[in-house]
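Here are the chains, one letter per residue:
Number of protein chains: 2
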Amino acid sequence: MTQAKRPGGRTARVRAKILTATVELLARDGVSAFKYEEVADRAGVHKTSVYRNWPDRNDLVIEALSRHADQQIPLADTGDLRTDVADFLLALAAELETPFGRALVNAVQSREYEEVTSTIRGVFDRRLATLRSRLERATLRGELPPVDPLFFTHMISGPVHLYRNRADLTFSRLEAERITDVVLAGIRATASQGGDLASS
Amino acid sequence: MTQAKRPGGRTARVRAKILTATVELLARDGVSAFKYEEVADRAGVHKTSVYRNWPDRNDLVIEALSRHADQQIPLADTGDLRTDVADFLLALAAELETPFGRALVNAVQSREYEEVTSTIRGVFDRRLATLRSRLERATLRGELPPVDPLFFTHMISGPVHLYRNRADLTFSRLEAERITDVVLAGIRATASQGGDLASS
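Protein chains in written order, with this note's numbering: chain A, 102 to 301; chain B, 102 to 301.
Chain A extracted, bound-state conformation (with noise of 0.2 Å):
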């Protein structure tokens, strides 16, 4: 949001490269372990290039994960929600795979900085929001019981998530499918038994 504040000059393409590095490292070590000298060796400017820009490790944390505050997982609507999530969950799992997907996810569990999860959330709740209206578009056409989005979006990302932890196991469509096929059932099923799944 803010790599744009002096277009075209040194000093914007120096931030902007402290930026990705930052990234980078938060993908590897998360927010309290890595290191400013890292960052500097990774851009390739002096040390003294990062502190005087970033004093606080904060705010370049927040600066850092704020470039991609806006890169939504697609969700589409074709008007069949089983493949419209399976393909959300492929891009996920694409996401979980990138420098920013991991920064993500090690950022959120450091709970020591505030700020930090201040701007986290709010990543989280632009996706969520979209996520709410393909929900509620699905339920006016039928397709789905009303559902707390917060709570789907948990079911069928949490698998994704424990896949993509392991080097050893595969996520393909195949298993985004199994998931998709299991929380959709599971919903429809369980909301007809007494529908206290359902949310606002």
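One or more of the hints may lead you astray.
The list makes no distinction among identical chains, and a pair is therefore deemed to hold if it is satisfied within one copy or across any two copies.
In the DMTMM-like style, the derived pairs of lysine to aspartate or glutamate whose C-alpha atoms are separated by at most 25 Å in a straight line are [unchecked claim]: (1) LYS148 <-> ASP160; (2) LYS136 <-> ASP269; (3) LYS136 <-> ASP160; (4) LYS136 <-> ASP157.
Hints are computed from structural coordinates only; laboratory data are not their basis.
The model shown is predicted, which means the values in this text are computed figures rather than measured ones.
Since the structure of chain A is provided, determine the placement of chain B on it from the hints.
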């Protein structure tokens, strides 16, 4: 596993302190980023005690995690699969708040360290064996169609990880039962549709 080498001796106590501190720092910083200096500080020993005993970082991590290698997440067999799975998820959520639970999550995500990864896989394999036999008994009793235990554990545990990653969300029996109900109902519904979830 090696902690009882010199039972009661000073060396054994120092080693135990170092291994405990290592798990705490793995929980916060992960495999690649935790520092020997901080391990020594926390354990109240000199840095050379850590280096001398574990010149290789992999060995320190493996020994620290191995002390908990047989730790299971309790999975009872009361004859009521729903209750037992919900209890299991509450126990998993509790473990994810402990240093070992966080350390395990961080360690499995760090794919750079092949030997560490295979130690962790041992922990997971033992846990999976417990789940597999519980699921098999449920299938014999007609409570659940045959299901791949790895898929099942990802379906029920994945959402718990995402709830526990966020300090602003609660995870109580209500959430544990909602997850359990959707997964059990979804597996029953999809198995009767085609049975392609069955395995082994």
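For each hint, the structure was consulted:
Proximity of LYS148 and ASP160 under a CA criterion of 25 Å is satisfied intra-copy only: 16 Å inside one chain copy versus 32 Å between copies. Taking identical chains as interchangeable, the C-alpha atoms of LYS136 and ASP269 are never at most 25 Å apart, the minima being 29 Å within one chain and 28 Å between chains. In this assembly of identical chains, the alpha carbons of LYS136 and ASP160 lie at most 25 Å apart whether taken from the same copy (14 Å) or from different copies (24 Å). In this assembly of identical chains, LYS136 and ASP157 lie within 25 Å of each other by CA distance both inside one copy and across copies; the values are 12 Å within and 21 Å between.
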